[in-house]
Amino acid sequence: MTATTRPRTIRDTATQLRNGDLSVVELLNELLARIEATDRDVQAWLDVRPRFLLETAATMDRRLAVPRTPPPLLGIPLGIKDIVDVAGYQTVCNMASRETIDVAARDADVVGNWRRDGALLVGKTVTQPAAAGVISDPCRNPWDTDRIPGGSSGGSAAAVANGTALGGLGTDTGGSIRIPAALCGVAGLKPTYGRLSGKGIFPLSASLDTPGPIARTVADCVALYLSMAKRADEIPAVWDRYAEGGTSLTGKRIGVLRSFFTDQVQDAVRAAFDEAVVALERLGAEIVPCDWPEAAGARTVAMYTSRIESAQVHRDLIRNNPELMNDALRDRVEVGALLPADAWFRLRSARLAVRDSIASVYREHRLDAIVAPTTPATAPLASETHVTYEDGSREEIGAAMTRLAGPWNATGQPVVAVPCGFDGQGLPIGLSFIGRPDEELALADIAHAYEQAHDFWMRMPPSVS
Amino acid sequence: MNQEEAARSQERVRHLAEMVSLPVEEDRIPALAEALDAALAAIDTIGELADAGGPPSAEAYDAGWPKGGRR
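Chains as they are written, first to last, in the working numbering: chain A, 1 to 465; chain B, 1 to 71.
By construction, these hints were calculated from the structure, which means they are not laboratory data.
Glycine included, every Cβ here is placed at the ideal spot set by N, Cα and C.
A portion of the hints provided could be inaccurate.
As the list claims (entries may be wrong) - If you want a taste of the chain A side facing chain B, the calculated C-beta under 10 Å gives, among others:
#	residue
1	Thr300
2	Met303
3	Tyr304
4	Ala337
5	Leu338
Said to hold, decoys possible - If you anchor each label on the Cβ, the simulated ranges turn out as follows:
#	chain 1	residue 1	chain 2	residue 2	range
6	B	Glu48	A	Ile101	41 to 47 Å
7	B	Glu11	A	Phe52	53 to 59 Å
8	A	Glu364	B	Asn2	44 to 50 Å
To be verified - Some residues of chain A that are not near chain B, with every Cβ distance over 12 Å (derived):
#	residue
9	Arg8
10	Asp21
11	Arg49
12	Arg51
13	Asp146
14	Gly198
15	Lys199
16	Ala206
17	Ser207
18	Pro236
19	Gly251
20	Thr262
21	Glu275
22	Val288
23	Met460
So that you can see chain B by itself, here it is in the shape it has in the complex (with noise of 0.2 Å):
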């Protein structure tokens, strides 16, 4: 990751944990950042699961659902 992707990363945090009223000290950002890429990459690996699992997103129900032509 470059220097830029981690300063978004890092800037990622900040946001969130205002959203969620999470304090968090400076120094924990970096590797917090960095552990919450991990997870939201770990999660995207699942997006098929996912779709499979259901409710499906709009795509996912259109792809999969028998059409009967345009009208």
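The shape of chain A in the complex, shown without the other chains (with noise of 0.2 Å):
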């Protein structure tokens, strides 16, 4: 059962703000009242002070009440994912071996860009350790508490479908972005590689990492990205430009990638991503069926450099104190301590490959955008160790629900995830639009179109109701 009232959108929250029809101070109470009734269940919260944060509330509400144009995230409560700095909060990557560290003397670049734009960071949010991971643990995912919310930005993502932040920031090296967004059922934008600042991240894979917003709706989604960007003066008319509609997507080319992206998925998915297509065609787009043969490769390239690169970070932990690893990390991490350079070599080469092989897909079908399925599945329990397909076939459940994002990390495109169904369960199921690298707004132009058409991004899970 899904509750029905309107969620919250950054956009309409920013405008109430500015028109004195909510105080920050409010708005905070109503989430902290949430997190309070929710969260022991979800636990997508690491870090939140209740008594700090009212006051900086209180600051903002006397800034509103300043006649002047408020920076355009003013009083709005955003969750940080807990390996990006935030200055004064310990960056703890949910490991063991950093439970003592100092706390961030300053914020990271993107965080600090947030809050000069006005953000109220409300605090920490869970990751998976080392943000080497899809299940997030112990944060849960609000559809249904039995099930992982999806990683490694779980947290981020968690808070936002249970309304107790409107937005979050994430990061994707695998798809850490995209996948707990599909398994919650809110948007998330998976910026071009390199596009936004990494500094103040704990790292994953240098090559791949990828900062980027988690909020309920793509304009919000776009409106963080600004931000982060520091481009937040373009925010007000992409604001308008989406308030206006913008719903046609007459003109636009859409690639529909099959095969590698719909042979192995369960059969909710599938059909989700069936009637997206028809949707999309509805909408005035030229779906363009096309075959990219490199995906499998693509995803392999992805996978092992992520390993290497992660071994390298924890070089030190990895030899002098293996036992503050979980499990998972540490098989990691050994496994690309022992791949030999000739690996690594091979890994390079191929991704410059993978590379040219989608530029040519999209040059050769003169696409706007492809779309995919997010994940294969729907979001496993917690207790389950692979996800089952109709056909009987067993998949582990971190490279299931990698499989389908992993492949633009090493192209480094642009990828925007949406919710585009529900399964048998009511569970999320999630849709990526990849576009054409440096070109976001163009690729989120086009999402926004399509989520606006649906009530997806509205539904939200029982545990607000």
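Join these two chains into a complex; the hints should help.
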């Protein structure tokens, strides 16, 4: 069962705050009450300091009372994945080895940009240890708290889905923004690799790591992204444009990838994807079936590049205190440490080839975007180790969840993930729009048009009702 | 994988671990050997892509660059 009240969005809330229809203190109190009521089960949050937050909110209300245009995110409550530095908070990364680490002296660049644009930083959100996986324990999925939220930005996605934040910061190395967005039924934006600063973000795999926003809608993701990119002055124009509608996709050519992206997926995921393609055509887009034979290779490139680079990140820990690493991280780092230089060079070379190959797909078919399912399955139970498909085949959860997302880390392209339906158990299903490098806003326009033609984004999990 | 192959894979893990000064407990070696085999097999499957992306092996260079005949 889902709640029917329209969820708060950043755009609407910013307008209410500016118009004096809502105060930041009122908004914060609403969220703190929701955290109090639901977070014992969902466990999205790590470090929330109500008294400090209420003081900050009161200061923001005083700023809003001054007759001057406030920064666009003033008073908007956001969560920060706990591999990202926030001044005055520890960055523990869910790792035993970092439990006594000093607090960060300054914000990560992208967090500093949010703060400068007025955001109310509510606290840190749960992540997978070292961001290396999709479970995000102990956080649970608000749609069914026996299930995982996905990861590694699971806490940020669960907090947004649960209505305890209007946006969250995620990072994406093999799908860590898009996977939890899909499993929790919210939107996520993985920008082009290298587009945003990674300074102040604990690394997993430096040549793949990409920070990005998670929020209720594409419009909200775009606003958060523009702030992260120090382009907040563009936010009002984007919001105005989206407010005018923009639901036609006439003239847009959208590529549809199947085979690698649809051969091994749950039936409900395939059905929702097929319906999404029909919906895009109905919105005016020209649907272009296309093939990318290098997709599996791209996935291999992302997966093992990440393992080798994470072995470098944890080279001291794995040698001196491996007992402080959880099993999944230790397994991954050990394999990465043992892979020979020959493997590394082959991965690097193959990466150039997969980038060329996907570029030629866009060129040959004159594509504005590609669509594909975000994950092959809906949120697995936390007690399970494998995803089971209708044909009886099974796949380890981490491998399954990253399988369709990883290729886009190898190519470095921007991706917008949105909900596109629900399975028979009421669990969200995700759809990915994949764009050309550095064309985040053009891609978001397409994803926004699809999103606003449906009500999937408005549905709230039962924990909120 | 037969016993002999498994033993060889495990020996490779011991050797590589020593080369990179990675302490690995003996009871972790069978699983690690399997994971490393899987990784190497997966990376083997991208051989053509790796050659296409360069820098090429000597064989790929010789096969792919036009030759003017024997002097």
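Hints, verified against the model:
no., hint, in the structure
1, Thr300, "holds (5 Å)"
2, Met303, "holds (7 Å)"
3, Tyr304, "holds (6 Å)"
4, Ala337, "holds (5 Å)"
5, Leu338, "holds (5 Å)"
6, Glu48(B) / Ile101(A): 41 to 47 Å, "holds (44 Å)"
7, Glu11(B) / Phe52(A): 53 to 59 Å, "holds (57 Å)"
8, Glu364(A) / Asn2(B): 44 to 50 Å, "holds (46 Å)"
9, Arg8, "holds (44 Å)"
10, Asp21, "holds (55 Å)"
11, Arg49, "holds (40 Å)"
12, Arg51, "holds (46 Å)"
13, Asp146, "holds (28 Å)"
14, Gly198, "holds (24 Å)"
15, Lys199, "holds (29 Å)"
16, Ala206, "holds (19 Å)"
17, Ser207, "holds (14 Å)"
18, Pro236, "holds (43 Å)"
19, Gly251, "holds (34 Å)"
20, Thr262, "holds (21 Å)"
21, Glu275, "holds (33 Å)"
22, Val288, "holds (24 Å)"
23, Met460, "holds (40 Å)"
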